[in-house]
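Colleague: Residues per chain are reported as follows:
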Amino acid sequence: MWSGCCGCCSAFRPRYKRLVDNIFPVYPQDGLVKSNMEKLTFYSLSSPEKLDRIGEYLYQRAARDIYRKKYGFVVIAMEAMDQLLLACHAQTLNLFVESFLKMVQKLLESTEPELQILATQSFVKFANIEEDTPSYHRRYDFFVSKFSAMCHSGEKEEVRDKIRTAGIKGLQAVVRKTVSDDLVENIWEPVHMDKIVPSLLFNMQESGFHKKESEAIDGGQEDTLDPPMLAETCMRELVGRASFGHIRAVLRPVFRHFDLHKLWVPNQFAIHTFRIIMFSIQAQYSYTVVETLMAHLDDNTKSSPTIRTNIAGVLSKIIAIAAGESVGPSVLEIINSLLSHLRDSVKNEASQTEEKEYQEALINALGEFANHLPDYQKIEIMMFIMSKIPFPLVNNNSPADNLLQSILLKSLLKVGTKYQTIHLNTTFPVSFLEPLLRMSLAPDPDMRLLVQKILHTLIDRHNNLEKLSKPTVNVADLDLVLEKSSRPDLIFINKHGPIIYDALYTSLQIDTNVPDNIEAVYTTLALLCVELACAETVIDLLQLTLGIQSLALNSTSLSNAQKFNLHAIVISLLMLIPTVVNIQPLANYAAQIAEQRKQEALHLLPDLYSHYSDNSEVANKLPHLLVDQMAVCEYVKESGIDPSRLQQTSPYGAGGPGLIAGSQRNSWIENGARGSIIELPIAEVDSAASSPGVQKKHTEEDLNFESMKKVLTEPPEIRKEAEAERRKMLSHTFRTATFSELVRRTQPKHDVLQSKLNEIFKSLTANENRSPTDEKKEDIIPHYEQNFPELFYY
Amino acid sequence: MDDYKFLFKVVLVGNAGVGKTCLVRRFTQGLFPPGQGATIGVDFMIKTVEVGNEKVKLQIWDTAGQERFRSITQSYYRSAHALILVYDISSQPTFDCLPDWLREIEEYASSKVLRILVGNKIDREDREIPENVGEEFAERHNMYYLETSAKESDNVEKLFMQIAEDLMKQARTRDLPRYDSNNQTIDGRTSTINDSSCCSRLQ
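Residue numbers (my numbering), protein chains in the order written: chain Z, 1 to 794; chain U, 795 to 997.
You may find that some hints are simply not true.
Non-contacting residues of chain U with respect to chain Z, defined by C-beta distances greater than 10 Å in every case (computed) [unchecked claim]:
no.	residue
1	Gly831
2	Gly835
3	Asp837
4	Glu861
5	Ser869
6	Ser873
7	Asp917
8	Glu922
9	Asn949
10	Glu951
11	Gln964
Straight-line distance between alpha carbons at most 27 Å, and here's what the computed DSS-like set of lysine-lysine pairs gives [to be verified]:
no.	chain 1	residue 1	chain 2	residue 2
12	U	Lys849	Z	Lys162
13	Z	Lys70	Z	Lys17
14	U	Lys849	Z	Lys69
15	U	Lys799	Z	Lys156
16	Z	Lys484	Z	Lys453
17	Z	Lys70	U	Lys841
18	U	Lys906	Z	Lys69
19	U	Lys952	Z	Lys70
Don't read these hints as lab results, they were simulated from the structure.
We put the beta carbon where it would ideally sit given N, CA and C, even for glycine.
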């Protein structure tokens, strides 16, 4: 109030006041009086103790001028303060800053856009100054509040953009000012972030994103940036500065904003924003974003599938960025979460198309994620997914379970396609291979097909998959990529070949197979053959091929079409095998049969059909068109490979598949547990007279069992049928048994996985028909009983 | 001028279109803006009033009623000294939403915040909510109640003066630090430092 008379009695006033008064011109449009400003600056530099009073006095003058709406003078006062602020680096600056900020606030409180913008500029200048004395008590929440409000300015067009720009710059300045200084206010408090983040997002979404293209051209000059671009820059900076503890404070308002502004559908802006976040965030925290996004998916379980699909879409777009940085448990955490979302989605019985899209989006996200992980983690992930697939496959009561299985298999396939196999033994750890093979015998043909596809993508290392996808007798045209198989691979196939072959063979016996299934099995076999081409494996493969032929000849359950299909793949395999391992005589023999069939029985050649014309003759009546075991042996021998194994009775003969599968699995588990490599692991349990060469520990038991069974089941025809039926059931029992789980438990390296697995297991037992106690009983069956499964079963 | 003794933050909330901005405009600028558009985010006004020879500065934050701005508006509740909950007496839906607003206030605002229920637009002929209904509601929820018309300037002044007086009374009894412009050590952060301590004392 006393300042009103400053003009007339300036001589009696303190010096600093006189100096301040002198910087103001008579007419505001003349601007700051430069020479007097220099005097003031010099004075405040030489006597810094007066700085606080100068500041206070300037502030009072400005406040009065605002009141009187003499805005010209206000501008000058602010300018003077700016200059003083920049000129002085004294300890006393601290006090001056108080009046400086008061001044800024005063200007911001006015309704004049010009003054608000001016104040923001000054604040930005202030924020760029490094203060050397901490100011414990200074607070910025008015500034945050006001700048945020400015970001939402609803003034008319041009003014609006200016004020919004000012608001964003102000926020940026507050952030810069506060993050570097621990002693001042914590800008990461939710109370601030809840204002800053939505304000930035609001501006980003306004227009910028859609005309981003045109913006990019003239971007670069800071001043011409429009609010959306500026907001984006500010967002990047903010996210970039956030430390681990603060990420959530930033993300929470982001999610709220997207929810409230309904920005998930369509999700372009969401993707855009999250990409910005992912690229700006300190790399080691990026998975937090993924986690949070997933948690948000949790929160949205009740929302419409469209929203969830879009969130999952965002997830799949950014998840790759996170993958590179994710390590250890966080990876499994993410996968686990994705899988449980899938599971939840499947449980939503009403699976409409939207829900399907959602599942699709989740699987995509999973694939994207896996794609960017190192290979060793991919295997872990595949095993993990495997552990999530509900067993048993046979006792599916609900279609939901079925759906879940096939969806999980799809996820597995997705991950599998991203994986590049180097050594088969690293790709197929026992704990992965075993359940996978078990699943290849699922009752649902589509599921079996999926499993085969997984096998394809994992086995194929030389991009032969395309070429071998259809059986053919023109192997020479295929232009296969061959490479000599490595030692570890051979060890692998020696060890696990039998169970693989057996699973494939068994799956061919299933009467619900369509040509696709049979083709897929062929592809798997062909790939195995190509990948593991060598003299040692060729016998096994030939044996299997002959086995398939005799299956086609003797089976009672398969339809004629299926049998023809089998014959077709037999000849295709027989063409392929000698080509790969280079047994010319055998190749000639195969070619000769193929040629004959071409003339007499086209239906015994590829391609595979589900229906054949009625006059197609059953292969049994065309013995000259069949592959003859003795001839094969002969040709193999000619090439210097010992065919003695081939001459023995085939393990795949007339015998029931279930029994083979069962006892073989037993022996494998036993041997696996002892850690030994089985040299000739095909347990020929079927015929009592067989296998002088095969020394199995429990051959005798098997023999007893066999003979006993023979006594039991005398009439051959009825026996066959009854047996087939019984064995089917048996094999199911075995597939669902949990012995293999026991084995896995003994392997310490899967600890993490194991604990997860146990969880799943617990939840699974609830779904199963059998009570947990039953299962336990099965777990502790003494070994001999395992070899008498029928006894146990009844 | 700037020698106020108290500074209070007042936040207006309520459904879209009940007349929050008009109330603020009427009070701070003395005008009734016809065809006022929807507020975006938050708007800010300041007004200094005199209560018993003491200057009181009111920082008025006028929030958007639209739901999509809820995230930003809620963040302003926390530091408020007074919350004015506005509804439109000629629109039942705006009244029906009051419990939701109260829930939100419970969640985000300080528990001791001064709450005022305002039924606006009493100039309108087509009243849907009788005065006593509003009053009962306010009583039940321990709020002040006032009916206003921003258009006719009825009770607007009274509303804000009442708030200023009440807050001042509250501040005095609880011995709030005073925003004295002569006591300059703290004035740079006026609004800020003081009302935070004020809030904590209110609790």
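Colleague: For lysine 70 of chain Z and lysine 841 of chain U, compute the direct alpha-carbon distance and say whether it is at most 27 Å.
Modeller: Within the cut-off at roughly 19 Å; holds.
Colleague: The output says asparagine 949 of chain U does not contact chain Z. Does that hold with a beta carbon cutoff of 10 Å?
Modeller: 24 Å, holds
Colleague: Between lysine 70 of chain Z and lysine 17 of chain Z, does the CA-CA distance stay at or below 27 Å?
Modeller: Cα-Cα ~19 Å, so holds.
Colleague: Any Cβ of chain Z at or closer than 10 Å to aspartate 917 of chain U, or is the non-interface label fine?
Modeller: 25 Å, holds
Colleague: Decide if the proposed pair is consistent with the structure: lysine 484 of chain Z and lysine 453 of chain Z, CA atoms, cutoff 27 Å inclusive.
Modeller: Holds, at about 24 Å.
Colleague: Can the restraint linking lysine 799 of chain U and lysine 156 of chain Z be considered satisfied, given a maximum Cα separation of 27 Å?
Modeller: 35 Å, violated
Colleague: Run the distance test for lysine 849 of chain U versus lysine 162 of chain Z: straight-line Cα separation, threshold 27 Å.
Modeller: Distance ~33 Å between lysine 849 of chain U and lysine 162 of chain Z Cα, so the pair is violated.
Colleague: Is it correct that the beta-carbon of serine 869 of chain U has no partner in chain Z closer than or equal to 10 Å?
Modeller: It is violated; serine 869 of chain U is separated from chain Z by about 3 Å at its closest Cβ, not greater than 10 Å.
Colleague: Are all C-beta atoms of chain Z more than 10 Å from that of aspartate 837 of chain U?
Modeller: The claim breaks: aspartate 837 of chain U does not keep its Cβ more than 10 Å from every Cβ of chain Z (closest is about 6 Å).
Colleague: At 10 Å, judged by beta carbons, does glutamate 861 of chain U keep clear of chain Z as stated?
Modeller: Given that some Cβ of chain Z is not farther than 10 Å from that of glutamate 861 of chain U, nearest at about 6 Å, it is violated.
Colleague: The output says glutamine 964 of chain U does not contact chain Z. Does that hold with a beta carbon cutoff of 10 Å?
Modeller: 21 Å, holds
Colleague: Would you say glutamate 922 of chain U is clear of chain Z, with no C-beta pair closer than or equal to 10 Å?
Modeller: Its Cβ never comes within 10 Å of chain Z, the nearest being 28 Å, so this holds.
Violation of the numbered hints given earlier is confined to hints 1, 2, 3, 4, 5, 6, 12, 15, 18, 19; the remaining hints are satisfied by the structure.
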